[in-house]
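Here is how the chains run, residue by residue.
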Amino acid sequence: MLARGTGIVQAAIGPEVARLQLSGPKARLRLINATVSRGGALLLGTLPFAAVAIAYLFASAQRLAVNPSDKLLPSPAQMWSAFSDLATVPDKRSGDLILWADTYASLIRLFAGVGMATLVALSLGVAIGFIPRVRAFLLPLVTVVCVIPPLALLPILFIALGLGETAKITLIALGVAPVMVRDIANRVMELPPELVAKAQTLGGNSWTMVLRLVLPQVMPRLITCVRLALGPAWLFLIAAEAIASTEGLGYRIFLVRRYLSMDVILPYVAWITLLAVMTDWLLVRLSHIISPWAHPVRTR
Amino acid sequence: MSRILVHGLEKSYGDARVLERVNVSAEAGEFLSLVGASGCGKSTFLRILLGQEQQSGGVVVVGDQPIVPEPTPQRGIVFQRYSVFPHLTALQNLLLVEDFRSGGPFGRVFGARRKSARQEAETMLERVGLAHARHLYPASLSGGMQQRLAIAQTLLGRPQILLLDEPFGALDPGIRIEMHELLTELWTEHGMTVVMVTHDIGEAFKLGTRVLVFDKVRHDPQFPSAYGATITYDLKLDRKHRASARDVAEVAAMVGTTRLDSAIATTAS
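These protein sequences, in sequence, are chains B and C. So that you can map any letter, position 227 of the first sequence is 227 in the working numbering, and since no number is skipped, the others follow by simple counting. So that you can map any letter, position 200 of the second sequence is 200 in the working numbering, and since no number is skipped, the others follow by simple counting.
Take the hints with a grain of salt, since some may be wrong.
Claimed, not checked - With the Cβ distance kept under 8 Å, some of the chain B side facing chain C (calculated, not the full set):
no.	residue
1	ALA77
2	LYS198
3	GLN200
4	LEU202
5	ASN205
6	GLN217
7	TRP293
8	PRO296
Claimed, not checked - Far from chain C, by Cβ distances over 10 Å, these chain B residues were calculated:
no.	residue
9	ALA41
10	LEU195
11	LEU211
12	LEU213
13	ALA294
Just so you know, these hints were derived from the structure itself, not from any lab. Virtual Cβ for every residue (Gly too), placed ideally from N, Cα, C.
Given these sequences and hints, build the entire structure.
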């Protein structure tokens, strides 16, 4: 009976609904409510890239038309040939494939520096955030160190540690660690006091609470910290390589600058960007693997 | 399963006095419901019992000893929110109890001990009706399920005293009734002493063996925070006879609740 009843109702309102669907005025949503479809987002996101590329191609073609030996805005073909030479043709003097040797040297420095900073940030940050005595002891120092411009320390590091790898890695670590320490300490202090109280009522001591409560809770924040620190880390890396180095991505860019070799500089910048984007993507994946609870699956 | 003795308890924050002259003596196995207007200090009282905050004066004795001024396994707690660990699944939350209890350098038990802990955890999950959700993170559990998990976790810690801070305050009425039944059953099984803070007068009368009302007796119009709240009403309930509607109405008037009908209905449910 019920089913038939609803059937009648539906039959009665069916034409009405159809009419409304056909003739209903298009809803004009506020700008903040008009969402973008997946394809639309992809298109909109590509547009700025396309605009930059087209503007470059246009300007480059114009300059080259006037002066075929112009070096400022090389054509894509020129850049590609310079870049693939560096990637595939061994250097006459050293026999190295320059691109890969540079990339390897730079990434080792970058990861060693950021890795050390991460270890320091995790241990110091957790200690400062969780243990009031350590906080009273170290937080003022960390706060002051945070505001020292790291590049101002570079001469000191080169004098004290020599021109080798140690100085460069130390610069990167010193440059990014203080901010990371403060960030992790803040995150630990933001832990709900209820969770800390509950852990104690279950018998947790200071150490086991660090292991089972604090570390897993700050892990997502730590990875975000590393992602944010990689920007400044690249800056310090390239600065250090520009001043004293014999290989590395930053070194190469500053070396070929003397010959106005934009056909090398531009692909190198693009290559550094690509490396940075890939590192960032890997860190996001890592966060999903280590802390699945912090990345709940969004239901559409 | 321990008695609680509170004598001459005081708590002030700077000049503002929150609690004064609080005296309570409860036998082992009693179920105390604490009610009172918002901000009257009943939650502060609970946090002092927990050891999360320290009293400004007076003594708190649990069992035979004054309490240690930090949370310990002697006193278990269920809060309204943040009561389970969001980075662990339901099962892992319960296993954590044994891990913490072992206190080893790894914060984790292994081998036979882990096996028995797992068995105990599974039994407890079954007991509170969460066996199907054992591998879910708290974020994907409903509010009622999270509180059931929190209670299960706290009970696995085998506390002598169970402290509840508005544990069902954020739940729907239907779920609340279910939780009342679960809590009453567990309390009967384990026989621990319970202290529960609640806003819901009906809940206080339904679950408690004793209802304590916190209120201010002294007022200073020039300086409202000069005097703190104390226990103004202490009603022992007989489990066999439900609280009379008159008692409920009287307490409701003290606390200033407007929903007297629903309070009486909850009491009778």
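**Study point:** Structure versus earlier hints, numbers of those that do not hold, lowest first
**Key:** 1, 10, 11, 12 and 13
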